[in-house]
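Chains as they are written, first to last, in our numbering: chain A, 1 to 240; chain B, 1 to 240; chain C, 1 to 240; chain D, 1 to 266; chain E, 1 to 266; chain F, 1 to 266.
Calculated directly from the structure, the hints in this document are not laboratory data.
Please note that the accuracy of each hint is not assured.
[Unchecked claim] To be clear about the criterion: a stretch of chain F counts as covered by chain C if any three or more of its residues have a C-beta under 8 Å from a C-beta of chain C, and this derived list gives those stretches:
1) 39-50
2) 77-85
3) 127-140
[As the list claims (entries may be wrong)] Under 8 Å between C-beta atoms, here's a sample of chain A residues computed to sit facing chain E:
4) Glu33
5) Gly35
6) Pro38
7) Ser39
8) Ala40
9) Asn50
10) Leu54
11) Leu83
12) Phe85
13) Thr87
14) Ser88
15) Arg90
16) Pro93
17) Ser96
18) Asp129
19) Ala133
Bear in mind the structure is a predicted one, so any value in this text is a computation, not a measurement.
Virtual Cβ for every residue (Gly too), placed ideally from N, Cα, C.
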Amino acid sequence: MASNVPEKYKTLIKNNKRIDGRKLDELRPVKIEVGVVPSADGSAYIEIGNTKVLVAVHGPKEMFPRHMINEDRAVLNVRYAMLPFSTSERVRPGPSRRSNEISKVTRHALESVIFLEEFPAMGIDLTLDIIQADAGTRATAITAASVALAHAGIPMKGLVAATAIGKINDKLAVDLNGPEDNFGQTDMPIAMISTNKNITLLQMDGDFTKEEFKTSLEMAKKAIDPLFEAQRAALQKYYE
Amino acid sequence: MASNVPEKYKTLIKNNKRIDGRKLDELRPVKIEVGVVPSADGSAYIEIGNTKVLVAVHGPKEMFPRHMINEDRAVLNVRYAMLPFSTSERVRPGPSRRSNEISKVTRHALESVIFLEEFPAMGIDLTLDIIQADAGTRATAITAASVALAHAGIPMKGLVAATAIGKINDKLAVDLNGPEDNFGQTDMPIAMISTNKNITLLQMDGDFTKEEFKTSLEMAKKAIDPLFEAQRAALQKYYE
Amino acid sequence: MASNVPEKYKTLIKNNKRIDGRKLDELRPVKIEVGVVPSADGSAYIEIGNTKVLVAVHGPKEMFPRHMINEDRAVLNVRYAMLPFSTSERVRPGPSRRSNEISKVTRHALESVIFLEEFPAMGIDLTLDIIQADAGTRATAITAASVALAHAGIPMKGLVAATAIGKINDKLAVDLNGPEDNFGQTDMPIAMISTNKNITLLQMDGDFTKEEFKTSLEMAKKAIDPLFEAQRAALQKYYE
Amino acid sequence: MALLYQNRQYIRNNIAKKREDGRTNEQFRDITIETGIIGRAEGSARVKIGDTEIIAGVKTEIGKPYPDSPSEGVIMVNSEFSALASPDFENGPPREDSIELSRVVDRGIRESKTVDVEKLCIEKGEKVWMVFVDITIVNHDGNLIDAAGIGAITALLTAQLPKLNEDGTVEREEFEGNLPITQIPVPVTSGLINNTIITDMSKDETECSDARFTVTTIENENYCAMQKAGPSELTEEQMLKIADIAQKESKRIRAAIKTAVKKHKA
Amino acid sequence: MALLYQNRQYIRNNIAKKREDGRTNEQFRDITIETGIIGRAEGSARVKIGDTEIIAGVKTEIGKPYPDSPSEGVIMVNSEFSALASPDFENGPPREDSIELSRVVDRGIRESKTVDVEKLCIEKGEKVWMVFVDITIVNHDGNLIDAAGIGAITALLTAQLPKLNEDGTVEREEFEGNLPITQIPVPVTSGLINNTIITDMSKDETECSDARFTVTTIENENYCAMQKAGPSELTEEQMLKIADIAQKESKRIRAAIKTAVKKHKA
Amino acid sequence: MALLYQNRQYIRNNIAKKREDGRTNEQFRDITIETGIIGRAEGSARVKIGDTEIIAGVKTEIGKPYPDSPSEGVIMVNSEFSALASPDFENGPPREDSIELSRVVDRGIRESKTVDVEKLCIEKGEKVWMVFVDITIVNHDGNLIDAAGIGAITALLTAQLPKLNEDGTVEREEFEGNLPITQIPVPVTSGLINNTIITDMSKDETECSDARFTVTTIENENYCAMQKAGPSELTEEQMLKIADIAQKESKRIRAAIKTAVKKHKA
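Kindly produce the complete structure, drawing on both the sequences and the hints.
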């Protein structure tokens, strides 16, 4: 949502096609692979368009630091990081305000589906490394995370997948790519549970009328189905 | 005590009047209010001239961090901070060498009047937030602090108040304001106990002859009385 | 090994003499003094040429931090620091990547001679302060460290001393000084045990043929003897 | 002090029937907005929502623009939990909450283009105004995000730019006009407690809540920012309902902000 | 997970006869090198040695040169253990290992003048290219230094400099040619386990080892960097032997790097 | 090592009659001042007071002036407890003491205008000399503030400014004259132990003391800085007495500094 829009990104939709040829309600190509980090208890690699994320789960295991132990349930520790070479301008290593906030909302996006009470006093570490960023990094990471948690054998009441609904050239569109995110009007990452389509993450920046917001939620509900399918297919393929 | 004195601050005393109209031995207007932070155990708001400070006390309570516990007495934890918007140039949030030192001398200025031995192994947290700074922030904070401690019901053998004696245009003056502090010759913050006028804090930067130092101590002893009165009046008003 | 070599340092060897008059296999003057820090359990001051280092040992004593305790043996904690005024450009106080790495290799250079198993669960703190740096600071510090450890009465199976072999103007030379290190081709710090000349530290940056590497090790073996003598003489002098 | 388990359960079980302080589910506590409270700041505000109190102050500095936006000034919103506000901050896990508060308010101001940052450019690629909005929590009785958001926009609306001298130095005691503010975003947060939607939750209610949803509305009734928080899921209907409440309540709050700013400028 | 004492002893006692995975003492695991894996990076590589996997990426920025080398660009190699790679990193003493890894790879590239930093100067004393090589450990099964070193040089060999606009800004999507790389240093690490020299140690073997020695060789068979690690002493003969192995093995690895780079540029 | 309770009580009970080392109440230990001890520093000094030993070194850099004093150089005094000096520093609460030491010495030099910072301006608003005085505690046997203060001023008095080349770079091996020093402030610290005033306290005495008072005097016998420390109160009379002692003792110490500096320049 920068102010200086380069000429080539002024028109983001032409003949109902987006700059990468997608329709308004079409996701970018999705690729999910399970078990990519041998030393982790669960792991997944995901590509959604040009956004690439590696996710690893370690645990359930002894909880560190000790003073954060919850005697009634496992604690989910989430660490989201953009690798230094994942964007145009190098990202300095180490946590930032942005990455801390995303770690928190990601944790909240996943906690409600995990049976944390089955592992009292333990910790589950979830690492999300953004290898290449082209918009939608938190949504992409969440989609991979629930696959990695399943791979680690952690019991869940459903999968969580996430995408974004945005507004570009005054039209609603699914799963924004980099230029659409940078030069569009609105971006709304949203995460849902596979079983009931309830919402576990929703953030929005930009501009929505009440009607647009309502429509966006409907669009998300539909658009997210292929992600659940991709998650299931990846797990199935791994165990075949 | 900067070297470039603007024209208008070259003469800080004219006809025995200071730039804000005060006499040499006159304090700035004082306003103290008790109980301004409902969630704290004790609190006070103070204005001395344009210097404004909020003070809160939490405790006596469990001591953190644990390894700093003193089994024989309570530990007084002091945190002095200038809020980012309290001065001309924004203050970066977080502790600095200056704020750490002031936290320490403030603690020493108050410890000798508190019956800390009545609360072994406990902690008393004292937070001093400088909302607006116009010289004398540590003195003003100390004056408010003993009111907030009293409001928290912490037993003390007396109140502590503080002011500053300075030298401007070669004359001694009480309770410097901002320009007097910046363009004067000497600044000496000093804290005393109400019961015996003994000194619990004294710092000095600038230039004093032996005689001037002696006179300064005498001036402080007199000047500080209205502060003790204002402290008592504020507490009385609160409990009425 | 900088690229801009000043005129006066282009020729580092003339008639088999180095810029400070030394022969190729000659150490700089060595001076070691024991017991220079009265409050420490062991200490040594060393000058090798213009490189000056103070070393202090505290312990064996209770180990901090507690979670680093090893129940089977003492832990050697090494802290290497260049004092701010030790080099041309001021060194910012506090640990750096470089100082952390040197602390680690120094620890490894000394651990194998200390009977750490005689002090289970304890800690030995070794502080290395570089007062003046003119190349070879880690080697100089290691040479002083085993003297300070001996002074602290810590049992060792031998002394460790260290020097550097370098290549300047295509010739191998012992114990590089500042300009030789900066404008030479290769620097190889090396530490050996007095009893068997085995190697406990070796690092190299620059360029060595296989033959040069072999010759360097031989040169080090010979060059290091005067250092062991200086160590023994300093300890003897102290106890006389 | 954290709530006892019994108190938590009591609040949760009874919330559908009545709130502790007798409010209706969607009812705000009294809001007071004061301006011009800090003489050293370029703009300032004190906001109280019931017993919750925050102070917001605006400061400006001259700095270098970011390489990827050479002709834009910089706006930063920062909120800190002072130890003043609650003893819990010392011990508990406050940092993460503090960061979320800070980020939500920051994004609500920055990404909604509330400040026209292009007007803050002094010399392209070299010098721009950097505008800092710092928010201090003085007393914490819940709903910090709304209080902080109201404080931030009020402080910005009353802020002035210091005069810039010919030689590039800043004249801190003279001013050259207002900040270029384009709109008045107002955040309204509701929470879910035991499946009941509750607006403007107190601190105790927040501790009993399962999820929160902040919706920020601008004057034309459009939404400019949203943030769900808390571990529980929300249904589509609950979200739409909370967005409706926000649209409605924000009008009244925006009117109060405007009144305070008008009074300040009079 | 750290090795149990019994496993440690078993590996140590049998190492002279056979390695856990059946390799000979000086035998490397399979090495695979991929290039161009990160579109946002100026150069990138993924290196696997057995189950060990690292990713290396090159990024460039414009910065000020150091005061004592005003006409030289800056090259920085940084390696981080991601929490991805092993749960041990959370609890144990990883920082020191991480720093050593980082320093050894950094020195291997920087002090060997692998990058001709004088060609990275844009305006003497004012503007130079800063080249960052960042390495992330994705899976840790030992021999991280060799994997990181191979990844760093491969990423540098495939990296391009972004175009510099007339007005001094960087055009991130166009390029102006390769980085000035002068040689291909290859690190090879062997360790000492119970007095036996073992090359390319697995993670378990590393935990059983008494000392390690990394020797970096350039194309003309000369050594450009060395680093001994670990608390035990090494004899002169052991060091010479390990240096010999490095010289021999580095040839094969350098050939693999060249093949990967050639394929990338085709 | 902290004192045992019994030792503390013994020292406190007997202090009025005799000090552990036999000195009279106001008597200093032997002071030795050496100069020019660090070849790399622009100025340096080693100060011993009894077994207390500190090293002070002056370094210079070129930097930007602060925005509110564009034609003034910068002087920074920093003192660090090295782990060399005492094992207590590892465990105890050293940071706060270290900061106070640093601040008191820093203020004693900076706010007393000991260095004429206007003469350190190279180019108004752009380039000034930054002068760093770094003090390292080598051995701690009490009275660090006085030792550090003496070391700082001695190092400054012997310091020279490096030569500035035409092109703005610094020639580190040539010099252009002395630093502009205007006066010689000397701190003298006395403490209160069980109501007795004791000057130049040892480490054990410091641990037994109730309060300390540092008074810094300049050549004309005026005071330029004071700092009370420690939790106990002092009476007016005690403060005046300590200030008297400082005035008297500072003369002898200043003479020793001058002798050392004269010898250095000869």
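Structure-based check of all given hints:
1. 39-50: holds (count 4)
2. 77-85: Since 6 is at least three, the answer is holds.
3. 127-140: Holds, because 6 residues of the segment 127-140 of chain F bring their Cβ atoms closer than 8 Å to Cβ atoms of chain C.
4. Glu33: 13 Å, violated
5. Gly35: 11 Å, violated
6. Pro38: Constraint on A:Pro38 satisfied, holds at 5 Å.
7. Ser39: Holds. Min distance 5 Å.
8. Ala40: At about 7 Å, which falls below the 8 Å cut-off, the nearest Cβ of chain E leaves the hint on A:Ala40 intact, so it holds.
9. Asn50: A:Asn50 check passes; min Cβ-Cβ to chain E is 6 Å, inside 8 Å.
10. Leu54: 6 Å, holds
11. Leu83: Holds. Min distance 6 Å.
12. Phe85: 3 Å, holds
13. Thr87: Since chain E brings a Cβ to about 6 Å from A:Thr87, closer than 8 Å, the hint holds.
14. Ser88: Where the cut-off is 8 Å and the nearest Cβ of chain E is about 5 Å from A:Ser88, the hint holds.
15. Arg90: Holds - the Cβ of A:Arg90 comes within 8 Å of chain E, reaching about 4 Å at its closest.
16. Pro93: 6 Å, holds
17. Ser96: At 15 Å from the nearest chain E Cβ, A:Ser96 fails the 8 Å test, so the hint is violated.
18. Asp129: Because about 6 Å separates A:Asp129 from the closest Cβ in chain E, which is inside the 8 Å limit, the hint holds.
19. Ala133: Constraint on A:Ala133 satisfied, holds at 7 Å.
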